[in-house]
Structure formats: structure tokens, C-alpha cells
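Chain order of the listed sequences is A and B. Each residue of the first sequence is one higher than the last, beginning at 1 in the working numbering. Each residue of the second sequence is one higher than the last, beginning at 178 in the working numbering.
Rather than coming from a laboratory, the hints here were simulated on the basis of the structure. A portion of the hints provided could be inaccurate.
Beta-carbon label-pair distances, calculated as ranges [what the hints assert, rightly or not]: (1) A:I76 <-> B:R204: 32 to 38 Å; (2) A:D172 <-> B:A245: 22 to 28 Å; (3) B:V178 <-> A:Q174: 57 to 63 Å; (4) A:I76 <-> B:V227: 19 to 25 Å.
Some chain A residues well away from chain B (every beta-carbon gap over 12 Å; in silico) [said to hold, decoys possible]: (5) L21; (6) H22; (7) N28; (8) W47; (9) A57; (10) E63; (11) T70; (12) L75; (13) N77; (14) F111; (15) L124; (16) L126; (17) T132; (18) Q148.
To list a few chain B residues with every Cβ distance to chain A over 12 Å, as calculated [stated by the list, open to error]: (19) T182; (20) S191; (21) R215; (22) D244; (23) D248; (24) S256; (25) A258; (26) S262.
Where is the CB? At the ideal position from N, CA and C, for every residue including glycine.
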Amino acid sequence: MASARSWLFTFPATFRTFQSLHLTTLDNSVGTITPVKVGFIQHDVLWVLCQNYPRIAAALWRETLVDAATFRRWLINVGRRDANARIAHVLCEMVVRMRAVGLAEGYSCEFPITQNEIGDALGLSLVHVNRTLQDIREAGLIVLKNGQLQVLDWEGLKAAGDFDPTYLHLKDMQAAA
Amino acid sequence: VNLRTEPVRVANGSDEDGVLVFTGDDRLAAIVTRLSERHDDLAGLWFLEVGFGPVDGPSHPTFSSIDAALDWISQRLRSRAASKSLLA
Numbered sequence: 001m002a003s004a005r006s007w008l009f010t011f012p013a014t015f016r017t018f019q020s021l022h023l024t025t026l027d028n029s030v031g032t033i034t035p036v037k038v039g040f041i042q043h044d045v046l047w048v049l050c051q052n053y054p055r056i057a058a059a060l061w062r063e064t065l066v067d068a069a070t071f072r073r074w075l076i077n078v079g080r081r082d083a084n085a086r087i088a089h090v091l092c093e094m095v096v097r098m099r100a101v102g103l104a105e106g107y108s109c110e111f112p113i114t115q116n117e118i119g120d121a122l123g124l125s126l127v128h129v130n131r132t133l134q135d136i137r138e139a140g141l142i143v144l145k146n147g148q149l150q151v152l153d154w155e156g157l158k159a160a161g162d163f164d165p166t167y168l169h170l171k172d173m174q175a176a177a
Numbered sequence: 178v179n180l181r182t183e184p185v186r187v188a189n190g191s192d193e194d195g196v197l198v199f200t201g202d203d204r205l206a207a208i209v210t211r212l213s214e215r216h217d218d219l220a221g222l223w224f225l226e227v228g229f230g231p232v233d234g235p236s237h238p239t240f241s242s243i244d245a246a247l248d249w250i251s252q253r254l255r256s257r258a259a260s261k262s263l264l265a
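Bound conformation, chain B alone (with noise of 0.2 Å):
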């Protein structure tokens, strides 16, 4: 799955430094978020703020990179893709 980024700020009140991810065919997917000075040992880390569709759920992990947010975004938009295409 191709996805493009798009910085955004986002008005979290503590971690406003973000992307926007959209999916190839430019559909607004997730919003990623930056986490600040604020979570100590996570400050620093990638937070999946918002996710849409088959991104969406209870799960919000953290990740190390953006690149590892957005492997997991890409898997998400991919498994949800599989099982369609199963039900079909």
C-alpha cells in the first residue's frame, strides 16, 4: 500500500506535531502524532492518534519511527483489503 504524509498540527493540547497519512488514492487514513518532552519515556515515540476505517479500532500503539507507523498502517489497509477481497 502506497501512503503520502502531510504535516499537520494537531490541537491535542500536549503533542501538536503530526502528519496526515493518506492512502494512494488520497484518502486520509490515520493521523500519526509526535509524542513531546511531556511522556518521558515515550516522548519522542509516534502515536497513532486517530485512524480511519480499517485503521480504526481500540488498538493505538506507539512506534519508534514514522516508518514503523506507517509499515503498520500499510498492514492494517492491507489485511482489512485480503479480507474483502475472501468475503467477495
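Same shape as in the complex, but just chain A (with noise of 0.2 Å):
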């Protein structure tokens, strides 16, 4: 279907398009939601990083090997999973990466995603997304308002979105305690 779209969400602090170092035709597309600073390394610096240090080869590596961890995930939870659990758990992923990074004061973070964008992503439609943020909401999980997420119940929010973060194998797992 040429139409459909579908949007995958990006954190601070990560690499983004790392494929096309091996790969030759770049099959997606990358945009922003909000002001951000993109820092570009040549491919050819790269190339010698990676042949000279064998250990940032293997970062690189990991960092694809979770990139595909996190797309099973998603893909268990668009395919799998109600709005209910589809949003908390993309709430709880959210909130976890923002933690790993230093950008959550405790369990809050900016969320400047709108309810499109996040329709969009989870294969939701708009009132969708709508009704079931409200029910979070009503179920005391989560405040949103304002472009930031303040979750109220972190366990609760856990356990609407089924959510184990294991599939992003921080270094530090504090971030998702």
C-alpha cells in the first residue's frame, strides 16, 4: 500500500540510518517532532573506527542487535496487543529510554508526541487514542498536559503495558526499575 505509513520513535542519545554503512539504498525515512541537534560522522571515518577498534566495531554491532530486539517488540505489540497495552507500553518504553539518558526527572519526562503521531505509529486511529489515553488517566496511571508525561502509578503503568524492558538491554537497568 504506497499510502501507508507507519513511524517508528526515536530517543535522544541514539544513532539513526547506521545501515547505510552497509547497506547501499537507505529504506527509510527520518524526521523530527522536535528541535533536535544531528551530528553526522563520513562513512569513511567510520570504517576506519571500525577496522582499528575492534571493541567500537562491536558497540556498533550491539547497537543494531537491539535496534532489532526493540523492532520485535514493537512488532508483538502492534500485532499482538490492545490500544490499552499498545499505549502504556510505549508509555513505560518512553519513560525507560528518557531515564537511561538523564532526560526523566524521576518518572516524568517531556512527551511532545501528539495523539496523531501516536495513532499513526500503533496503528490507532485518532479517537482511539484519545478514549484510551483518557481511560490510563482515569485509572490513575499517568498525567498528561502540557507536552509532559508524569507517571503517577509506575507499576500500574507496567503491568497495562505488559511491559518487560529485558528487549532493551541497558547497561543499567535502573533506568526501567
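These two chains come separately, so use the hints to put the complex back together.
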């Protein structure tokens, strides 16, 4: 379907379009939701780095493996879970990843993603996203206001999203605790 | 495509005011609900809750009136009928 769009969210301090080092055609595009700082690294430089420093090559390989694990989790999340669990899962992932890079305060972080964007990413209509977010709010799990997400009941949100952070392979699991 | 509607209460926990939409030969084609005050900007719009057969799919649009919703459903039914006759 030519018109089908799907989104995957990426986060601060992550590598994007790294595949182009090995694959000649870039099969996705990258857009930004907020103003961002982007760093570019020339392929030549990366090749030299990888050849001379095997541990850097291993770290980049690890990054692509974690990426693959995340895609697998999203596949299950979008394909096999109801709207409530889908959205709760994404909120959990967002909080953990923001905590992992020091951009959350406790269990609160910026949440600049619109309901339309959540719907596009999760295969849900805007109406379903709105209903579900209100249900999650009314269950006392979160407050979502003015682009800020505040988790009121972390254990409850994790349970609602059936969220197990293993697939993120964080070095410091404290971010997911 | 002639469509007929019948009021219904839908247990979706939020926007219960809806209609069943039947085709001319009395087959249920869709359920459309009216969005409640819970939806702020979208309140009062009509929403394709569920579609059957040609009306089924990833798209769940909202409409400014029930007539606009019925037009859209008719169009989906017609385009499916047309593509079937092309294949035949």
C-alpha cells in the first residue's frame, strides 16, 4: 500500500540510519518531532574506526542487535496487543529510555508526541488513542499535560503495558526499575 | 447504494450514542458512533466504529454529519462492487 505510513519513535542520544554503512539504499526516512541537534559521521571515518578499534565495531554491532530486539517487541506490541496495552507499553518505553539518558526527572519526562503521531505509530485511530489515553489517566496511572508525561503509578503502568524492559538491553537496569 | 440506519447504544465505554448502518438488502455494513464531550475538538463528530466487508480496513475516519458518514460508506461499498465486476 503506497500510502501506508508507519512510524517508529527514536530517542535522544541514539544512532540513526546507521544501516547505510552496510546497505547501499536507505529504506526509511527520518523526521523530527522537536528541534534536535544532529551529528553526522562520514562513512570513511566509521570504516577506519571499526577496522582499527574492534571494540567500537562491536559496540555498533550491539546497537543494531538492540535495534532488532526493539523492532521485534514493537511487532508484538502493535500486532498482538489491545489499544490500552499498546499505548501503556509505549509510555513505559519512553520513560525508561529518557531515564537511561538522564532526561527524565523521576518518572516524568517531556512528551512532545501528538495523539495523531501515537495513532500512526501504533495503528490506532485518533479516537481510539484519545479514548485509551483518557482511560489510562482515569485509572490514575499518568498525567499527560502540556507536552509533559508524569507517571503516577509506575508499577501499574508497567502492568497495563505488560512491559518487560529486557529487550532494551540497558547496561544500567536502574532506569527501568 | 441505499443505506438504512437504526439507533443503537454501543458499549465502548465512552461514545455510546450510535447507529447500525444496513445495506439495502439488510446486511449490517457498519456501526457509527457520535463522539461525546470527552473528545474536546472532535466532540459531536461521527466516527466509524467498525466496518464490515468492504467498509472494514485500517481507516477509521470521523465525519461532520451522519449523512457524510453514510456517503463515505456507500462509496466504499460501490468501489468494492466495481472492483468485483472488473474481476468477473
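**OP:** Check each numbered hint from earlier against the structure, then list the numbers of those it violates in ascending order.
**Re:** Structure breaks hints 2, 15, 16, 17, 20, 21.
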